[in-house]
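**Student:** So you can see what is in the structure, the chains are spelled out below.
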Amino acid sequence: MSEAELTEEEAEEAEAAAAPPLPDLTYTDQETDLRSAVRSVLEEKAEAAAVLARTESPDTYDVGLWRTLAAEIGCAGLLIPEAQGGAGASFREAAVVCEEIGRWVAPVPFLGSAVIATVALLELGADEPLAGLAAGTTTAALAVPFDSLPGARPEPTVRLGGPAKGDPEGTYRLSGTVKGVADALLADLLIVPADGVPYGLYAVAADAEGLTRTPVTSLDMTRQLADLTLENVPARRLGGGRAAETAVFAALRAGAAMLAAEQLGLADRALEITLAYVKQRYQFARPVGSFQALKHRFADWWVAVTQARAASRYAAACLATGDPDADVAVALAKSVCSDTAVLAGQEMIQLHGGIGFTWEHPAHLYLKRAKSSALALGTADRHRAALAKLADLPPA
Amino acid sequence: MSSADLAEGLREQVREFLAQHDPATTERLEFVRARFDAGLAWVHYPAGLGGQGLPRTLQKVVDAEFAAANSPTNRPERNGIGLGMAAPTILAFASDEQKQRWLRPLWTGEDVWCQLFSEPGAGSDLANLATRAVRDGENWIVSGQKVWTSSAHIARRAMLVTRTDPDLPKHKGLTYFGVDMTTPGVEVRPLRQATGEAEFNEVFLTDVVIPDTDRIGEVGQGWQVATGTLMNERVALGAFSLPREGGMIGFSAKTWREHPERRTPGLHDRLLRLWAASEVSRLAGERLRQQLAAGQPGPEGSGAKLVYARLNQEIADLQLELLGGDGLRYSDWTMHRPDGADFYGRDSGYRYLRSKGNSIEGGTSEILRNIVAERVLGLPPEIRLDKDKPWKDLPR
Numbered sequence: 003m004s005e006a007e008l009t010e011e012e013a014e015e016a017e018a019a020a021a022p023p024l025p026d027l028t029y030t031d032q033e034t035d036l037r038s039a040v041r042s043v044l045e046e047k048a049e050a051a052a053v054l055a056r057t058e059s060p061d062t063y064d065v066g067l068w069r070t071l072a073a074e075i076g077c078a079g080l081l082i083p084e085a086q087g088g089a090g091a092s093f094r095e096a097a098v099v100c101e102e103i104g105r106w107v108a109p110v111p112f113l114g115s116a117v118i119a120t121v122a123l124l125e126l127g128a129d130e131p132l133a134g135l136a137a138g139t140t141t142a143a144l145a146v147p148f149d150s151l152p153g154a155r156p157e158p159t160v161r162l163g164g165p166a167k168g169d170p171e172g173t174y175r176l177s178g179t180v181k182g183v184a185d186a187l188l189a190d191l192l193i194v195p196a197d198g199v200p201y202g203l204y205a206v207a208a209d210a211e212g213l214t215r216t217p218v219t220s221l222d223m224t225r226q227l228a229d230l231t232l233e234n235v236p237a238r239r240l241g242g243g244r245a246a247e248t249a250v251f252a253a254l255r256a257g258a259a260m261l262a263a264e265q266l267g268l269a270d271r272a273l274e275i276t277l278a279y280v281k282q283r284y285q286f287a288r289p290v291g292s293f294q295a296l297k298h299r300f301a302d303w304w305v306a307v308t309q310a311r312a313a314s315r316y317a318a319a320c321l322a323t324g325d326p327d328a329d330v331a332v333a334l335a336k337s338v339c340s341d342t343a344v345l346a347g348q349e350m351i352q353l354h355g356g357i358g359f360t361w362e363h364p365a366h367l368y369l370k371r372a373k374s375s376a377l378a379l380g381t382a383d384r385h386r387a388a389l390a391k392l393a394d395l396p397p398a
Numbered sequence: 489m490s491s492a493d494l495a496e497g498l499r500e501q502v503r504e505f506l507a508q509h510d511p512a513t514t515e516r517l518e519f520v521r522a523r524f525d526a527g528l529a530w531v532h533y534p535a536g537l538g539g540q541g542l543p544r545t546l547q548k549v550v551d552a553e554f555a556a557a558n559s560p561t562n563r564p565e566r567n568g569i570g571l572g573m574a575a576p577t578i579l580a581f582a583s584d585e586q587k588q589r590w591l592r593p594l595w596t597g598e599d600v601w602c603q604l605f606s607e608p609g610a611g612s613d614l615a616n617l618a619t620r621a622v623r624d625g626e627n628w629i630v631s632g633q634k635v636w637t638s639s640a641h642i643a644r645r646a647m648l649v650t651r652t653d654p655d656l657p658k659h660k661g662l663t664y665f666g667v668d669m670t671t672p673g674v675e676v677r678p679l680r681q682a683t684g685e686a687e688f689n690e691v692f693l694t695d696v697v698i699p700d701t702d703r704i705g706e707v708g709q710g711w712q713v714a715t716g717t718l719m720n721e722r723v724a725l726g727a728f729s730l731p732r733e734g735g736m737i738g739f740s741a742k743t744w745r746e747h748p749e750r751r752t753p754g755l756h757d758r759l760l761r762l763w764a765a766s767e768v769s770r771l772a773g774e775r776l777r778q779q780l781a782a783g784q785p786g787p788e789g790s791g792a793k794l795v796y797a798r799l800n801q802e803i804a805d806l807q808l809e810l811l812g813g814d815g816l817r818y819s820d821w822t823m824h825r826p827d828g829a830d831f832y833g834r835d836s837g838y839r840y841l842r843s844k845g846n847s848i849e850g851g852t853s854e855i856l857r858n859i860v861a862e863r864v865l866g867l868p869p870e871i872r873l874d875k876d877k878p879w880k881d882l883p884r
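In order, the protein sequence lines correspond to chains A and B.
Counting along the first sequence from 1, when you hit position 392 you're at 394 in this note's numbering, and nothing is skipped either side.
Counting along the second sequence from 1, when you hit position 51 you're at 539 in this note's numbering, and nothing is skipped either side.
Calculated from the structure, these hints are not laboratory results.
Don't take each hint at face value.
Part of the chain B face toward chain A, derived, beta carbon under 8 Å [what the hints assert, rightly or not]:
#1 Ala580
#2 Gly734
#3 Ala741
#4 Arg751
#5 Arg761
#6 Glu774
#7 Val860
#8 Glu870
Calculated Cβ distances over 10 Å to all of chain A for the following chain B residues [stated by the list, open to error]:
#9 Thr513
#10 Glu518
#11 Pro576
#12 Asp613
#13 Asp668
#14 Pro672
#15 Asp702
#16 His756
#17 Asp827
#18 Gly828
#19 Leu873
#20 Lys880
In silico BS3-like pairs for lysine-lysine, Cα to Cα no more than 27 Å straight-line [what the hints assert, rightly or not]:
#21 Lys281/A / Lys875/B
#22 Lys548/B / Lys793/B
#23 Lys391/A / Lys875/B
#24 Lys281/A / Lys793/B
Quantities reported herein were computed from a predicted structural model and do not represent experimental measurements.
Every residue gets a Cβ at the ideal spot worked out from N, C-alpha and C, and that includes glycine.
Put together the whole structure using the sequences plus the hints.
**Tutor:** Below you can see the structure in the form of C-alpha cells.
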C-alpha cells in the first residue's frame, strides 16, 4: 500500500520524544486575586439590567465603571512596565481581566485601550501618551476597523497631508475615513495609521478640529463601534515604516488573544446563567434541566468551555513570554474561543426557551457580543487559514 | 524535603539498584521482582507494596532513569487493566493479606488482570448484572456470563462483580471478587469485533468455586468497589504530553503534505478544524495534568474521553478520504488475537473501524454526558424506575 503513514517505529519515536515543555496553563494565586477584585466591581456595577439599559442610552460606554477598573483596580496599566507608570504585569493577568469583562458583557474599553492601543504605543516606545494610559486618565484607541485581521496590515484609508500654515513644528494633517472602530467613542487619543511615505502611525486628539466620530448602530451595543471621518485633522507622528507596521501587528495579535479570553469568559458565564435557569424552571412537573435532551447539550457546552480555556490560557502564556509559538497559540485561541462563544450565545437563548428571546432577558446581549467578537480581529475561519500557513498545511 | 530533593534521592536509589542488578544481564522477571521489592515499582504505593508513599508525580523520575539504562520492563502494555484499574482497587478495598498476595505479581506482569463486569444484559446499566454468587461455607459458587472482556485469554486473575442478593435493590445486592481465571468452570471465548479480530472475549462462568478469601470488600459492597474501579477507567493521562501532531492527526498532516494531488478545499477545512481541535485537546490534557500536579484536580477529566472519542473517529474518517483509492483496501480480516487496540502501528482502515469503539467502551459518550451533566454541572438526575425495587422484580 502506498499509504503515507508513520511506521510503528516512527510513531513510537514521536511518542517517546519528550514534547517541548508547555507553559503554566492554570491560574496563579495572583491572577485569581486580580479576578476577585475585578469581579467585585463588576458584580456591583455591571448588573444585567443596567448593562441592558445602557445599550439604549446616549452613553453606551460606562465611563464610571471604566474609571473604577482603570484607575482604582489598576487594569489600565497592567501591560505597561512599572518604569512607565504601569503595573508591569503580563498578558496572563490582562487575560483574566478580559475573562471577567466577557462574563459580564461589560461596556468598557479595556480591550481597545488597555490592550490594543497600549501594545501599539509600547511597541512604538511612545512614552508620553503611555503615562496617561497607565494612570487611567487617558483612554486610547487604535483607529482600525474592528474586523481587521491580525497578521495582515490593514489597508490605510487615511492619507497624509502636509502641515497647514502656522502649524507648530512636527504637525501633520490627516484626511480620510476609518469605519467600525471599537472603543473609539470613549477615547481621548486616537492612534491613526495613515498612508504616505512612509506608512506611519499618528496621534490624533479626540477633540481635534476636523475629526468626526459617528456612533454606529452596532450588532453589539455593549461595545459600540464608531465611524471616523478626518478632514485635514492635525496629528503628531508616533512612528513610521517598519516600526509602525510591527506595532500594528503586535497590537492586533494581542487584541485577538485577549478577545479570545473575553469570549471564554462570556461562554463560561452564559453556561452558569443558563444552568441556574434550567434547574429552577419546571415544565411537565419536573425541572427542565432533568431532561436528557438538555443535559447532553449542557455537557457538550461545558466540554467546549474546558477546551477553550486551555487554548486561551496557552495564548496568554505565550504572549506573556514572547514564546515563538505565539502566532499558533493566538490563532488556535481565537478560532476555538470564537466558536465556543457563539455556541454559548445560541445555547443560552435556546435553552432559556421563550424568555431567552425577549429583550428584557440579557441572553441576546451575550449572543450579540459573542457573534460580534467572532467577526472581529479575524474570524475562526481566518485564524484556521493562518494555522494552515503556520503548520505547513497548504490549501488545495 | 523538596520535590527536587526527593527526585534526586530517587535517582540515587535507582543508580544503586542498577549497580546491583545489571539491566543487560539480569533475567527480566528477576529484575522486575527486585525492582518491586526495592520500592521502585510505583513510588506512590506504600512501602512493602512496591512503593515508598511518595507523590505520584515522582514516578516519572524513576521511569526515566530505568528507561535510560535500557532496563527490562514489567511489560505494562500487556497489563493495562491490571495496572490501571485492578491495582488501585486492590489498594483501596482489599485486605492486607490480599494486597501482599496480589500486587507484586500484578506489577511484575506475572499476573495479568482482566475485568469481568459487563454482561449481555448489563452494559451501560452495569448494576443490573445477573451473574449469581451463592455462599457455600468458606466458598462461593458463581455462574453467569460476562462480555467485552479485554485480555481474558491471557489473564490470570479478574475483577469480578456478582449478584449475591437478588431480593435487594440492584445496587445493594452486589459483591466483588478477585477471581483466579484458571479455576475450573471459567471458559473464555474470543469475541470477534468489526475490525475482524478479537481483542475482547466472552467469559462463561459455570459453577465456579471462589474462596471467600478472594472476596474484595464486604458482602453487598460490590457496587462501591466497582465504582472505585471505574473511576480509574478513563483515558489514561500519560506522564508527559505528546508533542504537537504526536497523536492521530499526525498521520493526516503527513498525508496532506506528501500528496498535494489529493487536496480539496473541503478536506482542507476538515483537516484544519481537526488539527486545531487536536492541538487544543493536547493543551487541555496538559492543563489537567498541571492541575493534578498542583493538587487541584479539576472535573475536566470527565470531558477528556468525550473529546478523545469524537476526535479519533473524525480524524480516522478524514484519513480514509485523504488516502483516495487506498482507502478502499484493508490490511487483514483474518481473525487473530491482538493485545489491545493499536492506533499507531496499524492501517487507516483499522483505525477507522476501531475508533468506533471509542465512544462505546469505558462508558458510552451518552453515559459520559449524563455523568458530566449530573456530577459536574449539578443537573437533576434522571427519573429512576429501578432504584428502590428488589432487583428480581425489575422488568427485563
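**Student:** Against this structure, judge whether each hint is valid.
**Tutor:** We went through each hint and held it up to the structure:
no., hint, in the structure
1, Ala580, "violated, 27 Å"
2, Gly734, "holds, 5 Å"
3, Ala741, "holds, 6 Å"
4, Arg751, "holds, 4 Å"
5, Arg761, "holds, 7 Å"
6, Glu774, "holds, 5 Å"
7, Val860, "holds, 4 Å"
8, Glu870, "holds, 7 Å"
9, Thr513, "holds, 24 Å"
10, Glu518, "holds, 26 Å"
11, Pro576, "holds, 24 Å"
12, Asp613, "holds, 14 Å"
13, Asp668, "holds, 34 Å"
14, Pro672, "holds, 39 Å"
15, Asp702, "holds, 37 Å"
16, His756, "violated, 5 Å"
17, Asp827, "holds, 14 Å"
18, Gly828, "holds, 14 Å"
19, Leu873, "holds, 14 Å"
20, Lys880, "holds, 27 Å"
21, Lys281/A / Lys875/B, "holds, 22 Å"
22, Lys548/B / Lys793/B, "holds, 23 Å"
23, Lys391/A / Lys875/B, "violated, 56 Å"
24, Lys281/A / Lys793/B, "holds, 26 Å"
In summary, the numbered hints that this structure violates are 1, 16 and 23.
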